[in-house]
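Trainee: Its first residue numbered 112, the sequence shown is counted upward by one per residue in the working numbering.
Treat the hints with care, as some may be off.
[Said to hold, decoys possible] Derived Cβ-Cβ restraints for the label pairs, each shown as a range:
no. : residue 1 : residue 2 : range
1   : ALA168    : GLY367    : 32 to 42 angstroms
2   : ASN131    : ASP390    : 53 to 63 angstroms
3   : ALA232    : GLY358    : 18 to 28 angstroms
4   : VAL376    : PRO299    : 30 to 40 angstroms
5   : ASN131    : ASP381    : 32 to 42 angstroms
In short, the hints are calculated from the structure, not lab data.
Yeah, the Cβ is synthetic: ideal placement off N, Cα and C, and Gly gets one too.
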Amino acid sequence: MTPSDAFHSRWSDLDRPPLNVAALRRGLLRPGGLWTSLDVVETTGSTNSDLARRAAAGLAEGAVLVAEEQTAGRGRLDRTWTAPARSGLFFSVFLTPGDVPVQRWGWLPLLAGVATATGLARAAGVDTALKWPNDLLVTVPEDSGKLRPGQTPLGEERKAGGILAERAGNGVVVGIGLNVSLRADELPVPTAASLALAGAVSTDRETLLRGVLRSLDHWYVQWRAADGDAAASGLQEAYAAGCATLGRRVRAQLPGGRTLTGEAVAIDGDGRLILSTDDGLQEPVSAGDIVHLRGVGGGPV
Numbered sequence: 112m113t114p115s116d117a118f119h120s121r122w123s124d125l126d127r128p129p130l131n132v133a134a135l136r137r138g139l140l141r142p143g144g145l146w147t148s149l150d151v152v153e154t155t156g157s158t159n160s161d162l163a164r165r166a167a168a169g170l171a172e173g174a175v176l177v178a179e180e181q182t183a184g185r186g187r188l189d190r191t192w193t194a195p196a197r198s199g200l201f202f203s204v205f206l207t208p209g210d211v212p213v214q215r216w217g218w219l220p221l222l223a224g225v226a227t228a229t230g231l232a233r234a235a236g237v238d239t240a241l242k243w244p245n246d247l248l249v250t251v252p253e254d255s256g257k258l259r260p261g262q263t264p265l266g267e268e269r270k271a272g273g274i275l276a277e278r279a280g281n282g283v284v285v286g287i288g289l290n291v292s293l294r295a296d297e298l299p300v301p302t303a304a305s306l307a308l309a310g311a312v313s314t315d316r317e318t319l320l321r322g323v324l325r326s327l328d329h330w331y332v333q334w335r336a337a338d339g340d341a342a343a344s345g346l347q348e349a350y351a352a353g354c355a356t357l358g359r360r361v362r363a364q365l366p367g368g369r370t371l372t373g374e375a376v377a378i379d380g381d382g383r384l385i386l387s388t389d390d391g392l393q394e395p396v397s398a399g400d401i402v403h404l405r406g407v408g409g410g411p412v
């Protein structure tokens, strides 16, 4: 007879098994490596908030906190990020690039984007584009249910993930949220997507998490070895190559209510988006909400 609490069990959705923390630690924690600890919690409000509190009390660089479910995940501008339990990857890492000039720390969320896109290309076979400054986009075909694993999707570009970096303690907490197995009827908004809907060859979350964290290790060590110089480390070139915002007509909604419209033409050495505005000016944007006015498959993203 089925127990009355079966539907609340961590095994109640067999298509979404829980993460194996012991296996993840064996695969990621190694002497001399970046990652020094890895914890998985069943549910939490926000891994960024939790890790920031631990950082304030003293925390070694390389700590990783993963949640099977986030109930109060945050994006830019304090937007909420929620998803069914075990349907995605929701994790934060603590980095202390103390020998890198603080003015270069703004590259960390962009670095996380490059690392995530690179890791997913290898682990999931999905082409992930970067929307400046912190969104992860995938292309979903009009009828994603008919997409074969590994098939190149042609359709609408949608958001499948996001990145949020925050100062904490003597370093930075970088949070990554990624929709992995969300089905079409589970999407929070029509502009959202998941790796599954984009035709990922694998939606095994342990494989994906290992791939992203190993990629993040690679890019962070390379960037730090170059003293945070994005050009010398290859980060600036890699970000520009994967950035879906460049070459598009966009609207930048800036802090304070100011709005700029024009073509996104470059990412400068400080990680700022350079707009060629409708007024004929070259405007650097260091923070703001970007809307793609010319998106893939039609419509803004």
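Trainee: Next, verify each hint and record whether it holds.
Mentor: Tested hints:
Taken as a hint, the range 32 to 42 angstroms holds for the pair ALA168 and GLY367, whose Cβ atoms sit roughly 35 angstroms apart. Between ASN131 and ASP390 the beta carbons are some 55 angstroms apart, a value that agrees with the proposed interval 53 to 63 angstroms. With their beta carbons about 20 angstroms apart, ALA232 and GLY358 fall inside the hinted range of 18 to 28 angstroms. As the Cβ distance of VAL376 to PRO299 is approximately 32 angstroms, the hint placing it in 30 to 40 angstroms holds.
For the pair ASN131 and ASP381, the beta carbons lie near 40 angstroms from each other, so the given range of 32 to 42 angstroms is met.
Of the numbered hints listed earlier, not one is contradicted by the structure.
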